[in-house]
Amino acid sequence: MRTDGAREGFRQAMAWLHTWTGLVLGWVLFAIFLAGTFAFFKQELNLWSRPELHALPPAGPLTAAQLAQAERSLNALAPSAAGWRFTAQDERRPQASAFYREPPAKPGERARFVQRWFDPATGEAVATRDTFGAGEFFYRFHFELRSAQQSRWILEGRWAVGLATLLMLVALLTGIVTHRRIFKDFFVFRPKAKAAQRAWLDAHNICGVLALPFYLVITFSGLMTMHSQYLPAGIAAAYGAKTGEYFGELSGDGVPRSRGREAEMAAPLPLLGDAGWSALLRDARRHLPGGRIEAIGLQREGARAVVEIVPHDGDRLQYRGPRLFYDATSLQLIRRADNGRPAAKTYGVLYGLHVARFADPPLRFLLVGLGLLGTAMIATGLVLWSVKRRADAERRKADPGAGHKLVEALNIGAIAGLPIAMAAFCHATRWLPLGMAERPDAEIKIFYGVLALGFLAAALGARWRHLFAAGALGWAALPVMDALGGWPFWQAGPAVQAVNAGFAVVAMLLAVLAWKCKPGAPPLSMKKAVAPPEALAAASAEGAP
Amino acid sequence: MSLLHPLLCSFTAFAALCLAMERHHEEALDHAPSPRRVKRLRAVAVAAFIVSWWTVLPRPDPGIAWTMWTAQLTAGAIAVAVLATWWPRRLPAAAMAAGAAAVMLMPLLPWSGAPAG
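Protein sequence lines correspond, in order, to chains A and B.
For the first sequence, the working numbering begins at 1 and goes up steadily by one.
For the second sequence, the working numbering begins at 1001 and goes up steadily by one.
Here chain A stands alone, though its shape is the one from the complex (with noise of 0.2 Å):
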């Protein structure tokens, strides 16, 4: 936007709005991409989070006689639990677990959601610690920040995700106009092009190019994964009040579940035993051919107790597919949820793009580092945002002014901060003291403690050499605190050890971009921008925002 009042064409329009809009939420949207390429492997982390269950065996196939003793376990555990989600075991999730909802202490408090898992060998539920669990709490940061165990300020951290996609899709589409040699400079990097700006620029390009369906797909349905709340009008108009409904209809079940009080207040649920579940899982297995069965809930519904079965989600790309009803007393099928409407079903395909369940290990990789691409691609985004003016300001022998100091320390705070702190939390789930009180809040203080000091250490002058340095320190001790902690390292199964190696990966990541940032490295790090003229004159004419 000229102040001059000059006419401006429609690529230096974008080109501004592209910087701005990169600007303002960049480093949140840094936060959200790096949190949110873990977060595919947010089994895998949950799991390392737990060492109680690293030495347990990995469990076989699903049995009518492993669900009857989880039932029983169960049953011992929360008698008066209003209904349970029993989640199987498959390659992601060695051991089965279940959720229950814990009445809450006092009048008036939200019902606790628990969490146990089941010892393959015994069929009795474990003991684990109390852990955010590190993925989930990846996965909940990366969409809502998620600053508290219980429901603290959800709703704005989504409406704070939400701004920032937003803007990463204009971003995402500014950058597309702005770019004006997308084909010709498609495999185009410079990394040793004399000005540190060509550079960057070639950087940023390239990272956004190379991976562009990976952003516009990941973008476009991370946004829709929220369209309830940020865009009630549509299902206010057509619902009014009764938002449980339009719920209900988009997965295919149109019958609201009963909730609260009135539940806790029903008569205990049935047991099933093993000649029930076994009945149960043979029908359902002929009505889900071929498919493995994920999920198993029993909860109320008015007087009688449902048995929901809920298929894989790996075997296909629409997220939440048919899922069947079984009444828990007659053992008879009462209705099958399904709602390949084609509103629903988009709406089913984009999330479960998002969510990824469906990629089998080489395609998971293929996705993180497609993520970390995205990281990256923001990162330099940011990065070339200061070298530009540093680069302006030297050609004019001015000072780049506290603004451009303020996004330097901001840079380094929030792009070489973030990793540390990720790894402080990885650190809290296992060094915390196991008794403490809301200990999973506990981990989360931590993070974001982490996280403060960063900002001000880069604030006090620490440079990005500094915070990745000790970012790589910080991932390089989780494997090794992991074999000499006293846990059980060497019994642990394939998808610990490959966590472990992933840490390590990072260590090494951050180290080579500490090793790259010393002082006088060549320009893709932190040099001074001094260059011809000429190059630079280059640079800004290819539309450099």
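Bear in mind the hints are in silico, worked out from the structure with no lab data behind them.
Among these hints, one or two may not hold up.
In silico negatives: residues of chain B with every beta carbon more than 12 Å from chain A [claimed, not checked]:
hint, residue
1, Arg1023
2, Arg1040
3, Val1046
4, Ala1077
5, Ala1100
6, Leu1108
Here are the in silico distance ranges between beta carbons for each label pair [what the hints assert, rightly or not]:
hint, chain 1, residue 1, chain 2, residue 2, range
7, B, Ser1002, A, Ala477, 33 to 41 Å
8, B, Ala1100, A, Gly449, 51 to 59 Å
9, A, Ala393, B, Arg1036, 49 to 57 Å
10, A, Arg112, B, Leu1108, 34 to 42 Å
11, B, Arg1089, A, Gln491, 47 to 55 Å
12, B, Met1106, A, Pro289, 28 to 36 Å
13, A, Lys242, B, Asp1061, 29 to 37 Å
14, B, Arg1089, A, Leu473, 52 to 60 Å
Just so it is clear, CB atoms sit at the ideal spot from N, CA and C, and this is done for glycine as well.
Put chain B on the given structure of chain A with help from the hints.
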């Protein structure tokens, strides 16, 4: 095999497209490509893209097939960009090796008629 074969194909395809550009051809082989070579390289690229698509196609869920195809396409392009940036002279040989490996692995693909490998 689920990702390896399409990845080899799309790497070959992107490498051919990359070498069909004057700048990258010069960096790899010290001279500009002839118009005939540009045409041939582009034809190779189109063929390799089609084969890469054919390789991911036979899956129960076509949506997953399309997702995998797009994802591996990106990976192939990244690999070419890395070579073109730091090892441009290795690019032609790497492309030929990947293309040859893709052709040799074709009989092992589950729907090629030969016993599955």
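Going down the list of hints, with the structure as the test:
1. Arg1023: Not fine: 7 Å to the nearest Cβ puts Arg1023 (chain B) too close to chain A.
2. Arg1040: It holds; Arg1040 (chain B) is separated from chain A by about 19 Å at its closest Cβ, greater than 12 Å.
3. Val1046: Consistent with the label, Val1046 (chain B) stays out of reach of chain A, its closest Cβ about 15 Å off (over 12 Å).
4. Ala1077: Non-interface label fails for Ala1077 (chain B): nearest chain A Cβ at 5 Å, not farther than 12 Å.
5. Ala1100: holds, 22 Å
6. Leu1108: holds, 17 Å
7. B:Ser1002 to A:Ala477: 33 to 41 Å: With a Cβ separation near 35 Å, Ser1002 (chain B) and Ala477 (chain A) satisfy 33 to 41 Å, so the hint holds.
8. B:Ala1100 to A:Gly449: 51 to 59 Å: holds, 55 Å
9. A:Ala393 to B:Arg1036: 49 to 57 Å: Taking Cβ atoms as reference, Ala393 (chain A) and Arg1036 (chain B) lie about 50 Å apart, which means the hint holds.
10. A:Arg112 to B:Leu1108: 34 to 42 Å: violated, 53 Å
11. B:Arg1089 to A:Gln491: 47 to 55 Å: 48 Å Cβ-Cβ, so the 47 to 55 Å window holds.
12. B:Met1106 to A:Pro289: 28 to 36 Å: holds, 32 Å
13. A:Lys242 to B:Asp1061: 29 to 37 Å: Cβ of Lys242 (chain A) to Cβ of Asp1061 (chain B): about 34 Å, so the range 29 to 37 Å holds.
14. B:Arg1089 to A:Leu473: 52 to 60 Å: The hinted range 52 to 60 Å is violated for Arg1089 (chain B) and Leu473 (chain A), with Cβ atoms some 38 Å apart.
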